[in-house]
Amino acid sequence: MSLPEIKLAPDTIFSIGNLQVTNSILATVLTSVSIIIIALLIRRNAGIRPSKGQVVFEMVRQFILDKMVISFGSMKEAKRYLPLILTIFIFLLLANQFALVPLLSNIILSNPEGTKYLFNAPAAHYSMTIGLTILVLLIAHISAILISPGKHFGSFIRLKPFFKMKSIKELPMAMINFFLGILDIIGEIAKVVSLSTRLFGNIFAGGVVVLIISSLSVVTNFLAPIPFLAISTISGLVQAFVFAMLSILYISSAVNTAKQADS
Amino acid sequence: MEIESAKFLAAGIALGLGGLGSAIGEGLVAGRAMDGMARNPKMADKLFTNMIVAMALVESSVIYTLVIALILIFS
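Heads up: the sequence lines are chains P and H, in that order. Just so you know, we're using my numbering here: the first sequence kicks off at 21 and counts up by one. Just so you know, we're using my numbering here: the second sequence kicks off at 19 and counts up by one.
Bear in mind the hints are in silico, worked out from the structure with no lab data behind them. One should not assume that every hint holds.
In silico DSBU-like pairs for lysine-lysine, Cα to Cα no more than 30 angstroms straight-line [what the hints assert, rightly or not]:
no.: 1; chain 1: H; residue 1: 60; chain 2: P; residue 2: 136
no.: 2; chain 1: H; residue 1: 64; chain 2: P; residue 2: 99
no.: 3; chain 1: P; residue 1: 96; chain 2: P; residue 2: 279
no.: 4; chain 1: P; residue 1: 279; chain 2: P; residue 2: 184
no.: 5; chain 1: P; residue 1: 27; chain 2: H; residue 2: 25
no.: 6; chain 1: P; residue 1: 99; chain 2: P; residue 2: 171
no.: 7; chain 1: P; residue 1: 99; chain 2: P; residue 2: 279
no.: 8; chain 1: H; residue 1: 60; chain 2: P; residue 2: 96
no.: 9; chain 1: P; residue 1: 99; chain 2: P; residue 2: 72
no.: 10; chain 1: P; residue 1: 72; chain 2: H; residue 2: 25
no.: 11; chain 1: P; residue 1: 211; chain 2: H; residue 2: 25
no.: 12; chain 1: P; residue 1: 186; chain 2: P; residue 2: 279
no.: 13; chain 1: P; residue 1: 211; chain 2: H; residue 2: 64
no.: 14; chain 1: P; residue 1: 87; chain 2: H; residue 2: 60
no.: 15; chain 1: P; residue 1: 99; chain 2: H; residue 2: 25
no.: 16; chain 1: H; residue 1: 25; chain 2: P; residue 2: 171
no.: 17; chain 1: P; residue 1: 189; chain 2: P; residue 2: 171
no.: 18; chain 1: P; residue 1: 211; chain 2: P; residue 2: 180
no.: 19; chain 1: P; residue 1: 96; chain 2: H; residue 2: 64
no.: 20; chain 1: P; residue 1: 279; chain 2: P; residue 2: 211
no.: 21; chain 1: P; residue 1: 87; chain 2: P; residue 2: 171
no.: 22; chain 1: P; residue 1: 87; chain 2: P; residue 2: 72
no.: 23; chain 1: P; residue 1: 279; chain 2: H; residue 2: 64
no.: 24; chain 1: P; residue 1: 87; chain 2: H; residue 2: 64
Turn these sequences into a full structure, and let the hints steer you where they fit.
Put into structure tokens, the structure is as follows:
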């Protein structure tokens, strides 16, 4: 029994200057290109009498839009953030199923230093997931600041209760409020860690489990990994949905707090 | 005990305990959601999406443990 070497960092294929192009980046580019091709193909046949692909895409769009209207509260706001969320959702939906593409994830480059895989699941590279997360949270904070800068910062550094005090008895309450505001700042940092690690951990663990099961012995090479592949497929779908839902939640809660305080 | 074996042991124990807590939490979430769905089948769609999001939040604790275990093994 020989277990394959499991690496946390993706393999570097080549580098442009200081930019290391890893196998996950190649897979990300491949996914993006295939999404663009699918979109162009569907757009060509789009019309008042929808083709089969158009129906599927409209269903996905309507599904996400319905969820967004519920959390944003209005159709206008929901449509404003729809392109971002829908892009993330469709990208992750395809990217998490990368392991299902036959042969592509088995291409091996052999060098004197060792073997490298040419493609790897995009979300199995931590830089990809943390990049997406930082993008989402930056957009959440910037759009909240654009609506009302004072109120947005005021919801983290809560000095207002100190000025509103009528007697010294309210001081402990105000101090607790101030402390809760500081806890919210820590919560924002935890959001970055949890949102990015959730996606990375699930996709990475799914790949590792299939790899270990298929390399346990000759017997478990062919049929035994199938249930685990099925589980990682389902978890990929669920994680794409969860990432989109949590992005909606974070953006809408930041925007709604800024708006509520404004009126 | 050598430091290397202690690392592997720590990773295994951490992930086992993390998985235990997370499994109990996810079971509670799913069970309560099933209760709600059985009581009010009209709400099933809404409850299902909320259940998935709540499960993802519960799962994050075991994901933290996974990261710690990975750091222990690979560092």
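(message) To test your reading of the hints: which numbers does this structure violate?
(response) 1, 10, 15, 16
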